[in-house]
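2 protein chains.
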Amino acid sequence: MRKLNKKQASLLNTGRQLFWKYGFKRVTIEEICREANTSKMTFYKYFPNKLELAKAVFDSVVDESLAHFQKILHADLPPSDKMKQLLMAKMEGTHDISKEFLADFYGDAELGLKDHIEQKTQETWSTMRKDFERAQENGLFRKDLNLDFYIYVSQKMIEIINDPYLNSLYSSADQLIMEFTNLLLYGVSPHKYPLCVA
Amino acid sequence: MRKLNKKQASLLNTGRQLFWKYGFKRVTIEEICREANTSKMTFYKYFPNKLELAKAVFDSVVDESLAHFQKILHADLPPSDKMKQLLMAKMEGTHDISKEFLADFYGDAELGLKDHIEQKTQETWSTMRKDFERAQENGLFRKDLNLDFYIYVSQKMIEIINDPYLNSLYSSADQLIMEFTNLLLYGVSPHKYPLCVA
DNA sequence: TGCAAATATTACAAATAACGTATAATTTTA
DNA sequence: TAAAATTATACGTTATTTGTAATATTTGCA
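Protein chains in written order, with full-length UniProt numbering: chain E, 1 to 198; chain A, 1 to 198.
Please note that a few of the clues may not be correct.
As the list claims (entries may be wrong) - Some but not every residue of chain A turned toward chain E, in silico, with C-beta under 8 angstroms:
1) Y22
2) R26
3) S168
4) S172
Rather than coming from a laboratory, the hints here were simulated on the basis of the structure.
For glycine and all other residues, C-beta sits at the position ideal for the given N, C-alpha and C.
Please construct the entire structure, taking both the sequences and the accompanying hints into account.
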């Protein structure tokens with residue numbers, strides 16, 4: 001699964017775009033081939049059917065965002081920058097997998113999809129969790145911070161940040177994110193230096 | 001075509017939403033019925049087929065935005081407000097008919113669609129054109145302004161206003177629109193009062 | 001209440017679209 | 001140029017969608 005063929009990559013990308021936009025069911029194999037400038041035969045050379053392509057798309061999205069996440073976490077940056085970037089990455093990540101795609105892909109009680117997603121999600125989750133633990137040991141978070149709590153809260157924050165009213169209070173999304181980052185970093189007290197870094 | 005039934009309206013609205021999102025081909029009649037809480041029989045009572053529903057959707061969108069346009073044009077407002085609102089209405093109008101919908105609906109060399117759209121468009125256009133002429137007589141535009149030129153320019157402006165770079169120069173879309181409105185109203189010279197109102 | 005009109009349900013034949021495969025022709029690439 | 005990869009075309013098989021009919025059920029109204 002490491003190095004992928006040109007055609008294979010083209011199919012994967014086109015599938016991603018189309019699935020993202022229209023969901024799983026509404027997109028046909030022939031359409032993907034057309035958009036990817038690929039023949040149907042080549043499609044079937046690399047993927048047994050549409051479902052397997054969709055799984056590959058899902059996996060690639062998850063892998064990609066995990067890689068992005070890790071790159072930030074392991075970068076040589078001051079903690080406040082790191083946290084800002086993590087938060088922004090999460091925001092972008094919201095748009096990586098569309099409602100339409102997941103609705104078709106997960107919602108329908110079709111074969112094995114639920115299992116596939118849950119497995120992949122759990123793998124990714126445990127990787128992320130370990131990364132967070134190491135980050136805590138390295139001083140990105142204070143030692144007595146409950147990581148599960150933090151992850152839950154920062155997850156919820158994505159929803160909050162997308163709230164229309166809240167956004168209307170700021171002239172740009174960046175400002176709102178910055179506000180949240182500061183809240184997370186420094187709390188509400190007027191301190192000059194980070195409180196949560198050990 | 002004046003007063004429409006509850007169910008009929010529901011089908012029209014649902015069709016509009018789904019077509020807008022996914023285009024014409026990707027949406028099925030049964031899906032529309034499901035979303036509209038309507039039976040297939042009722043669908044066929046009001047529309048002979050999907051195509052006629054789509055035409056009705058298209059017409060309703062066009063009629064609606066024309067009505068909106070006229071309401072602004074005939075309102076009792078100072079010229080600068082009128083022009084600002086016209087510009088904003090145009091911006092919103094950009095989103096009324098989606099790429100996907102028109103691509104399926106117009107692009108495919110299917111039966112009669114091109115004709116239908118072109119006819120409707122021309123009707124609307126000539127109505128709008130007459131409205132503009134009357135507005136010019138009433139003093140909203142200066143007498144020596146070429147209306148075709150104005151309409152063309154303000155059409156182009158929509159594209160310009162949606163340019164990402166240009167938007168990045170302003171903290172909100174409103175500000176950018178205001179800038180353009182002022183440019184259109186007052187030109188670039190530092191005058192205190194409108195120049196283009198007769 | 002009771003009776004039309006409107007709507008829903010179910011089932012179905014016909015048409016259409018999508019899938020997946022075989023074969024032969026063509027293009028790439030080494 | 002020879003081998004590998006890709007395309008083009010065609011085709012049988014399913015699956016889906018359409019449009020209709022016959023039969024309940026609900027709704028609005030006198």
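Evaluation of the provided hints:
Because the smallest distance between the Cβ of Y22 (chain A) and any Cβ of chain E comes to about 6 angstroms, under 8 angstroms, the interface hint for this residue holds. Checking R26 (chain A) against chain E: minimum C-beta separation of about 4 angstroms stays under 8 angstroms; hint holds. The criterion of a C-beta within 8 angstroms of any C-beta in chain E is not met by S168 (chain A), whose closest approach is roughly 10 angstroms, and the hint is violated. Hint on S172 (chain A) holds. Least Cβ distance to chain E is approximately 6 angstroms, under the 8 angstroms limit.
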